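K.L.:
Chains as they are written, first to last, in the numbering used here: chain A, 1 to 382; chain B, 1 to 69.
Please note that a few of the clues may not be correct.
[What the hints assert, rightly or not] Quick list of in silico lysine-lysine cross-link-like pairs, DSSO-like style, CA-CA up to 27 Å:
{"hint": "1", "chain 1": "B", "residue 1": "K22", "chain 2": "A", "residue 2": "K248"}
{"hint": "2", "chain 1": "B", "residue 1": "K62", "chain 2": "A", "residue 2": "K326"}
{"hint": "3", "chain 1": "A", "residue 1": "K115", "chain 2": "A", "residue 2": "K96"}
{"hint": "4", "chain 1": "B", "residue 1": "K22", "chain 2": "A", "residue 2": "K72"}
[Unchecked claim] Beta-carbon label-pair distances, calculated as ranges:
{"hint": "5", "chain 1": "B", "residue 1": "E55", "chain 2": "A", "residue 2": "P125", "range": "18 to 24 Å"}
{"hint": "6", "chain 1": "B", "residue 1": "N6", "chain 2": "A", "residue 2": "L138", "range": "52 to 58 Å"}
{"hint": "7", "chain 1": "B", "residue 1": "A13", "chain 2": "A", "residue 2": "I191", "range": "31 to 37 Å"}
{"hint": "8", "chain 1": "A", "residue 1": "G217", "chain 2": "B", "residue 2": "A13", "range": "36 to 42 Å"}
{"hint": "9", "chain 1": "A", "residue 1": "I24", "chain 2": "B", "residue 2": "P54", "range": "54 to 60 Å"}
{"hint": "10", "chain 1": "B", "residue 1": "P54", "chain 2": "A", "residue 2": "E165", "range": "40 to 46 Å"}
{"hint": "11", "chain 1": "B", "residue 1": "E55", "chain 2": "A", "residue 2": "K115", "range": "18 to 24 Å"}
{"hint": "12", "chain 1": "B", "residue 1": "E55", "chain 2": "A", "residue 2": "E331", "range": "55 to 61 Å"}
{"hint": "13", "chain 1": "B", "residue 1": "S2", "chain 2": "A", "residue 2": "P51", "range": "51 to 57 Å"}
{"hint": "14", "chain 1": "A", "residue 1": "K115", "chain 2": "B", "residue 2": "A29", "range": "29 to 35 Å"}
{"hint": "15", "chain 1": "A", "residue 1": "L138", "chain 2": "B", "residue 2": "A29", "range": "56 to 62 Å"}
{"hint": "16", "chain 1": "B", "residue 1": "E55", "chain 2": "A", "residue 2": "E195", "range": "20 to 26 Å"}
{"hint": "17", "chain 1": "A", "residue 1": "P51", "chain 2": "B", "residue 2": "M1", "range": "41 to 47 Å"}
{"hint": "18", "chain 1": "B", "residue 1": "A13", "chain 2": "A", "residue 2": "P94", "range": "20 to 26 Å"}
[To be verified] To give an idea of the chain B side of the interface with chain A (calculated C-beta under 7 Å), a few residues:
{"hint": "19", "residue": "L9"}
{"hint": "20", "residue": "G38"}
{"hint": "21", "residue": "L49"}
{"hint": "22", "residue": "C51"}
{"hint": "23", "residue": "Q58"}
What the hints contain is simulated information worked out from the structure, not anything from laboratory work. As the structure is a computational prediction, the values presented were derived from the model and not from experiment. We treat Cβ as the ideally placed atom computed from N, Cα and C, and that holds for glycine.
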Amino acid sequence: MTSDLSLVTRPVEDARGLPNAHYIDESVFTEERDAVLFANWTGLAVASDVPEPGDATPIEFLGLPLLLIRDKEGCVRVFQNTCRHRGMILVDAPRKIEGAIRCPYHSWCYSTKGKLVATPHVGGPGMNAHEKIDRTTLGLIEIRSHIWRDVVFINISGQAAPFEEVHADLIDRWGEFSTPVHHGGSDSRFILDVETNWKLAVENYCESYHLPWVHPGLNSYSRLEDHYNINEPGQYSGQGTLVYQQLKGEDDATFPDFAGLSAFWNEGAEYIAVYPNVLLGAQRDHAFAIVLEPRGVGQTREHIHLYYAEDDTDETMRGANAALWKSVFEEDIFVVEGMQRGRYGPGFDGGRFSPAMDGPTHCFHAWVAEQLIEHRQALAAE
Amino acid sequence: MSDLENRLLAAHARHDKPELAKLYQEAAANTDDIGSQGFFLTQAYIFALDCGAPEASQLREKLSRMGRI
């Protein structure tokens, strides 16, 4: 089916949200996969998932078998996890590649940079070359990738403009946070499985309107009027606060700050949705990244990672911080799942936005709609 | 079944790649047949390559000299 998006791209005062089909219809989910998630720079994982050279982890993303690997020189790469010979899956569980990636079927071997380095018996027993098998053309298929703030973004279509170009404004906005982020380790990552379409997680994240109702604990010190909307049409949206408070440990200890921040960030913090599916938080003493993994039209896995300015932060404080954020994000689950269920009501027309409060959500809807319109136009022109 | 065959099967069962690289080299050394040598050295090379064993490059050179790569 083709949904009507004409109302979605109107100014926020007059717009409707994306129609129900964009949350519950399998064919629209597939259309958005191609037009939105494959065509743009989409979050796949974090580089900290493969911390050491040779570390490799298979990831199935929207049905695509991918391999995230840190090559022997330390560069993080993403390949199709598929042997160029018979299409066998190369790596079926996270592991260290000690030497080469050897296909478990006929043992064609690839370097960690994806080069095909050996084709045993390809010319007959004990003959490892054949004139018709040009190894230089049979390396692993590499997916364009770019790492920013530890998040591994991929562009599956290969057609998007360079990441630094697409996100130049956001990179500049957070230029003060250009010092490295340090993943907090195993106690600073967690997963939430949510029965919702991935977009609803984005929409809920980027607006502050719900805070007093859904996060009353946060609102006790971080009131609605202390927040501001972030709306950058065609790029990103989110929310900021002017009253960020640091977590305090024993004897009022705090996490170390990121170096070189201006006074604004003493109490300022920003929470931005990097379209399509990455949610980032930037604060003076820690950051986080949420990579939304769409697992079906109504299933999303949230991969949440916490980062600090240094490697050796206090373990007890890290644990408390992770528990705090987990409780906040869990408070959102009933909302995103409830909105998902609500979209099975055929009379719902996408909803009306508060012009004052829902700008960031509308910004995201309009961006999604624009991606789809562009995609449909391109298909029509073929 | 020879002792070497038994050791090869046991190493395969353990997925012991460094040992497989060594045993296939031993198998190559135990035959005068050039074709069999090519087969066993290929097996040794691939397992050495897989596990990052240092002899992988020497095995590759040997196969190359035999015109098998």
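K.L.:
Against each hint, give a clear statement of whether it holds in the structure.
P.N.:
Outcome of the hint check:
no.	hint	result
1	K22/B with K248/A	violated (57 Å)
2	K62/B with K326/A	violated (57 Å)
3	K115/A with K96/A	holds (17 Å)
4	K22/B with K72/A	holds (24 Å)
5	E55/B with P125/A: 18 to 24 Å	holds (21 Å)
6	N6/B with L138/A: 52 to 58 Å	violated (36 Å)
7	A13/B with I191/A: 31 to 37 Å	holds (35 Å)
8	G217/A with A13/B: 36 to 42 Å	violated (56 Å)
9	I24/A with P54/B: 54 to 60 Å	holds (57 Å)
10	P54/B with E165/A: 40 to 46 Å	holds (44 Å)
11	E55/B with K115/A: 18 to 24 Å	holds (20 Å)
12	E55/B with E331/A: 55 to 61 Å	holds (58 Å)
13	S2/B with P51/A: 51 to 57 Å	violated (44 Å)
14	K115/A with A29/B: 29 to 35 Å	holds (30 Å)
15	L138/A with A29/B: 56 to 62 Å	violated (32 Å)
16	E55/B with E195/A: 20 to 26 Å	violated (53 Å)
17	P51/A with M1/B: 41 to 47 Å	holds (44 Å)
18	A13/B with P94/A: 20 to 26 Å	holds (23 Å)
19	L9	violated (17 Å)
20	G38	holds (3 Å)
21	L49	holds (5 Å)
22	C51	holds (5 Å)
23	Q58	violated (14 Å)
Checked against the numbered hints listed earlier, the structure breaks hints 1, 2, 6, 8, 13, 15, 16, 19, 23; every other hint is satisfied.
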